[in-house]
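Protein chains: 6
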Amino acid sequence: MIVDVRWGHLTREEIKKALIRCPVVVLPVGSCEQHGPHLPVDTDTFDAERASIEAAEQISPPPLVLPSVPYGVSEHHMSFGGTITLKPETLLNVVVDVVESVVRQGAKAVVIVNGHGGNSAVLAIAAQKIRHNLGVACLIEDCGAVAEDARKKLFPQPYDVHAGEFETSVVLATRPDAVRNDAIPAACDVRRPFNAPPEVTVGFRMEDMTRTGVLGDATKADAERGRQFWQAEVEGLKKLLEDIIAEIRR
Amino acid sequence: MIVDVRWGHLTREEIKKALIRCPVVVLPVGSCEQHGPHLPVDTDTFDAERASIEAAEQISPPPLVLPSVPYGVSEHHMSFGGTITLKPETLLNVVVDVVESVVRQGAKAVVIVNGHGGNSAVLAIAAQKIRHNLGVACLIEDCGAVAEDARKKLFPQPYDVHAGEFETSVVLATRPDAVRNDAIPAACDVRRPFNAPPEVTVGFRMEDMTRTGVLGDATKADAERGRQFWQAEVEGLKKLLEDIIAEIRR
Amino acid sequence: MIVDVRWGHLTREEIKKALIRCPVVVLPVGSCEQHGPHLPVDTDTFDAERASIEAAEQISPPPLVLPSVPYGVSEHHMSFGGTITLKPETLLNVVVDVVESVVRQGAKAVVIVNGHGGNSAVLAIAAQKIRHNLGVACLIEDCGAVAEDARKKLFPQPYDVHAGEFETSVVLATRPDAVRNDAIPAACDVRRPFNAPPEVTVGFRMEDMTRTGVLGDATKADAERGRQFWQAEVEGLKKLLEDIIAEIRR
Amino acid sequence: MIVDVRWGHLTREEIKKALIRCPVVVLPVGSCEQHGPHLPVDTDTFDAERASIEAAEQISPPPLVLPSVPYGVSEHHMSFGGTITLKPETLLNVVVDVVESVVRQGAKAVVIVNGHGGNSAVLAIAAQKIRHNLGVACLIEDCGAVAEDARKKLFPQPYDVHAGEFETSVVLATRPDAVRNDAIPAACDVRRPFNAPPEVTVGFRMEDMTRTGVLGDATKADAERGRQFWQAEVEGLKKLLEDIIAEIRR
Amino acid sequence: MIVDVRWGHLTREEIKKALIRCPVVVLPVGSCEQHGPHLPVDTDTFDAERASIEAAEQISPPPLVLPSVPYGVSEHHMSFGGTITLKPETLLNVVVDVVESVVRQGAKAVVIVNGHGGNSAVLAIAAQKIRHNLGVACLIEDCGAVAEDARKKLFPQPYDVHAGEFETSVVLATRPDAVRNDAIPAACDVRRPFNAPPEVTVGFRMEDMTRTGVLGDATKADAERGRQFWQAEVEGLKKLLEDIIAEIRR
Amino acid sequence: MIVDVRWGHLTREEIKKALIRCPVVVLPVGSCEQHGPHLPVDTDTFDAERASIEAAEQISPPPLVLPSVPYGVSEHHMSFGGTITLKPETLLNVVVDVVESVVRQGAKAVVIVNGHGGNSAVLAIAAQKIRHNLGVACLIEDCGAVAEDARKKLFPQPYDVHAGEFETSVVLATRPDAVRNDAIPAACDVRRPFNAPPEVTVGFRMEDMTRTGVLGDATKADAERGRQFWQAEVEGLKKLLEDIIAEIRR
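Chains as they are written, first to last, in the working numbering: chain A, 25 to 274; chain H, 25 to 274; chain B, 25 to 274; chain G, 25 to 274; chain V, 25 to 274; chain L, 25 to 274.
FYI, nobody ran anything at the bench for these hints, they're computed from the structure. The reader is advised that the hints may include incorrect statements.
Copies of the same chain look alike in the list, so a pair counts if it works inside one copy or between any two.
Derived pair list, reagent style SDA-like, types lysine to any residue, alpha-carbon separation capped at 25 angstroms [to be verified]:
#, residue 1, residue 2
1, LYS153, ASN219
2, LYS153, ASP121
3, LYS153, ARG229
4, LYS40, ILE208
5, LYS41, THR236
6, LYS40, GLU231
7, LYS176, VAL27
8, LYS244, GLY159
9, LYS111, GLY141
10, LYS153, PRO222
11, LYS153, ASP267
12, LYS111, GLN129
13, LYS177, GLY141
Between the sequences and the hints, there should be enough to build the whole structure, so can you do that?
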């Protein structure tokens, strides 16, 4: 019996058996970028990986969770320090290479769990390439989209999207020691880049939007609401995985 | 006085003067892809270009409208015929090359008017590259986003997104002769690809969603509602252009 | 019955039928570049597209004319303003992607009608790739080559190749309103770049050859001779299309 | 005071301070590939990361250890299952992008700790690019090279290089629970690919060398010798880091 | 005093001095492709290199001749055997890398002596890139263009362009032992690919034109006329080099 | 009977017959880089080509020797002058394109004889690509590896690797006139780049190691020992070729 859903922790034989039992694979994609003065730079990777594992562990036989891609597209955060960025083309190639490898071993669907908005466009392109060139299903759980309802209810403030009330609450819930409580910044004004309306996509650096590198009021963070969101996220991801497993099996 | 806002119709000297008066440039990006049995394959290009020109003409001094990119990323439509697709990398390079050329001539902002959802991810990446590597503002009016409210009110049906009630209504309003009335298809069932929930991004071919290549009920199309949307779209784009022109001038 | 030869104006079903009747497709490739102070920057695109359509319309069943590629390789014109350039690799990919799309739909031959000398080398490479990788015929009508005899007779001056007597005459014939008569420049001296003899290919910027960005004496332009050339060009292209259609059918 | 040397666990401000105190950064690069029927596929990543952290922790102020690259170039292992491979170009771009990001933040030297021989050539090219294009020092601790003497003494058998006596011993020492003791394979014959002499580089698949995917006799694995090697490896890496830190400071 | 004009035969110090005395460099580009049953596959390389050296040796101080690029774009010859081809992108990069290296050492002009028509389009693109990105002059002596008049007079037959009367005559003049006299093929019919008129560029394989892989009547080859052409070619190249040296010095 | 082993000197028919008799091909790869003030810059190319030819000539039927790649990856030598460098990607593509061409003609194994250490990593990647994508055997005789024992005995000094005692001795043996005796430099101190230990791969420029661009004491060069090494090298290469020919034939 498999007690560990992490692909990386298994042997080749265990992986082969697991793929036969469940031909769906999960790929967490994170980032290594500044999350204000109070959160670790691997926050997105940690959350994507953690949610993937918790969801997969509740399914039997479980889908395997691939090693997380720990770097994303974060050029817009570079000026705040602590940030590593891949070029969009590089991340695209990493994801396509990895998925091609699992498809060659029999995977029939890949669920990418993305923890960082800067990766979304690249992953959308990857999903199309994977569908067209490799033939399999590729779903992207993009930045907690499966728990969007819970999020809107628990964290209704607009622009609460980077190291603010929402994200800090989640870290308080999942990795409480990781929050530097004495460094939580006061909320700062947020501008839309170039004053563009919210429905318009706009090229931006973080400094076009925020003086502190934070979007949202981290001082209002709250572990309990973080926990509630996390539960919804893991639950949503679990359901997504169950549904695609059932779909593939039909 | 410039009487034509189309960059392509002007001489080099007229363009130089126009860029000094208004350093914002509009780039329509379309597609050449099947739009059911009843709409021309250049629908997305026509709409993006037409809206760009109508909005620009109402502004004085006007922003110039570049020649439209007539091909987009449409691999998912290929099996229905009539479709031409660029690889995502190709479209990305086209857009970046074009914008780099106008930035070298003094443009301070570029508004991309995108008529095709399959281009959105590529254009989002382009916008980031343009902001980071060329330094200027890049805004994307993505598939009528500036008139999203009007659209939801006028065309509330879900999945009405490709050659259906909404798009056919718009063509009836802007190019009535282009609609083949006797070929309008009956509505067909729409599936989400792999049964994925709507909030999840998913790699897909059109045939994963629809038997007819159409999403939405084109038999319900209505020129008057199309006209109302078009007015909102042009008005919204005009306001977007005015705002970015003002922002650049500050 | 098809009354419009433009691929973009047709529906997918009309295109499918047209390709069965005539599996030859025409792709106009232009440029967006300075044409002196008196001609619009889309001159090359307009001419390539116009000639393609006029020739195709005289053939029954007609070959379809794809949407024009409105940008070419024009780095050498950049310093004069008004110019947009693609990198050579970008144009190559655009052409190959487009042709691959039509070949996947059954096209057996592609005739590229090129309006701009700066594209010629890229298109020659594209033609070889298309022949080798896609298997179909690819012919390039390069800058009026099929009417070269008429041109030499009507416009015998050397170096009359960019916005000069020849090109201005053609625009006077095909789009008279497009010529800014009061801006037609006096003829200027033309140098070969680096004094190289004409039979030697040489890397150049336009400013290596001309102070005005014009090659040829536009003050001598004449609508009637423009019309005669145009007739020869359309006639030559029509014959080229008829011949390749016949060849493919054999 | 920094108590954690892992870049990913720190905040942007902590990273900035750490880089000022010690402008040397460590990048572990691993693989996700079959390691016989008895070792987990993330063995190379685990070892590279673990050694990096242990060595860095012994230095004050410590160099930071970047998040590990969890995928390498492993095409030659694909047929045995469980393996994920990047194309060589992809890994090259990942490493160069990551290092460029840290150099933009002030890093003066990067030590890459590589756990997988299949990455060596790519990393050698990366090191040259980094030296030439970014100007900083780039050192590669390649597969335990700093403890080569200890290795030769402790594990003198030839071809003991993949999931055999040596590697299994190391895992027994560092992650004893990770070894599937009941799946340790008997030693198998090893062939040089195409019978080439050992001093000749040769393109190969693992199946050109071994029937089992293992090189070396894992049944002879021994935790104590693994521990001795590990100590030498960490000690060697620590010395390497101290030396380059001193060199940079001169 | 330099007695050898070959860059490769000199030491770094000799090259530095030679570049100061004459900042023009010659790069021969050839091919490795079938030349019928009677000529060696390196014919184009030999001729380009030989002409370069003979011309350079007559100039004082001489321009240096770089090592020849021995492979070209020859996909269209592949089916006849004996042929090696580079992809067009590969040859482009080779030429640009080489020229960039010499420009970094002070070269002010590069004359590419091309021996193979299949390379012409790639070299034309290279020349533009070199002019725009590196700033120096780049001239291409393309397949004997400087002696075109002599050629037309000495070898007036049409389509005499590959291993036929003309090329065989030249080899008889420059490397008589290289001609396999007993294998000279009878002339064969030549078709234009797809029956296209000569003024139209067309994608082709050699087998679209000729059954034997030869274009021209090699049985009519004549060493004396070969010698006369060769003299004209070397003389023309010498003059080209002298002119560009003078131009650079002005 | 073939009297010349050089692919380039043969006709297509001779090559076809030779490949049938011996489906192994040799590709020499050199460099064009500074070799101190006393050796020609084509030293690596000359040696790789010469050894290849001498070894092949002793085998019957002989493997063919392809035209040498005369440029390698030499960025680290650029500051000393006389050097031409390819980007690593360019050399990789050249080698893969060439090998793909010979594999399409029936070659079953390729032996790359590499004369320059800067090429080694690129060639190792090429060998893997060739094995995986083309299926054939690819062996690399890397910088005299087959005669490593002889070298260590004849030239035991450490760091004697570039234009020093060893390389100068070889040139004295194979091309005595090529050595500029009056320019042989005195030995200079050699540093490891960044003081890194020898077992660590390190990104470097030659000036990180040596003031003179020479590694080793060229004043101690000796034609007789050069000759002995050369004999061992040719002998070793001959044996390598014989063995792979035998292996392929099994």
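Each hint, compared with the structure:
1. LYS153 - ASN219: between (34 angstroms within a copy, 19 angstroms between copies)
2. LYS153 - ASP121: both (11 angstroms within a copy, 15 angstroms between copies)
3. LYS153 - ARG229: between (28 angstroms within a copy, 10 angstroms between copies)
4. LYS40 - ILE208: between (46 angstroms within a copy, 17 angstroms between copies)
5. LYS41 - THR236: between (49 angstroms within a copy, 17 angstroms between copies)
6. LYS40 - GLU231: Between. Shortest inter-copy distance 18 angstroms satisfies the 25 angstroms Cα cut-off; intra-copy 47 angstroms does not.
7. LYS176 - VAL27: Neither: 35 angstroms inside a chain and 37 angstroms across chains, both beyond 25 angstroms.
8. LYS244 - GLY159: Classified as neither; 45 angstroms inside a copy, 34 angstroms across copies.
9. LYS111 - GLY141: Answer is both; intra-copy 15 angstroms and inter-copy 23 angstroms each pass.
10. LYS153 - PRO222: The answer is between: 20 angstroms across copies meets 25 angstroms, while 29 angstroms in one copy does not.
11. LYS153 - ASP267: within (22 angstroms within a copy, 36 angstroms between copies)
12. LYS111 - GLN129: For LYS111 and GLN129, only the inter-copy Cα distance (17 angstroms) is at most 25 angstroms; the intra-copy one is 28 angstroms.
13. LYS177 - GLY141: within (20 angstroms within a copy, 29 angstroms between copies)
Violated hints, listed in ascending order, are 7 and 8; each of the other numbered hints is respected by the structure.
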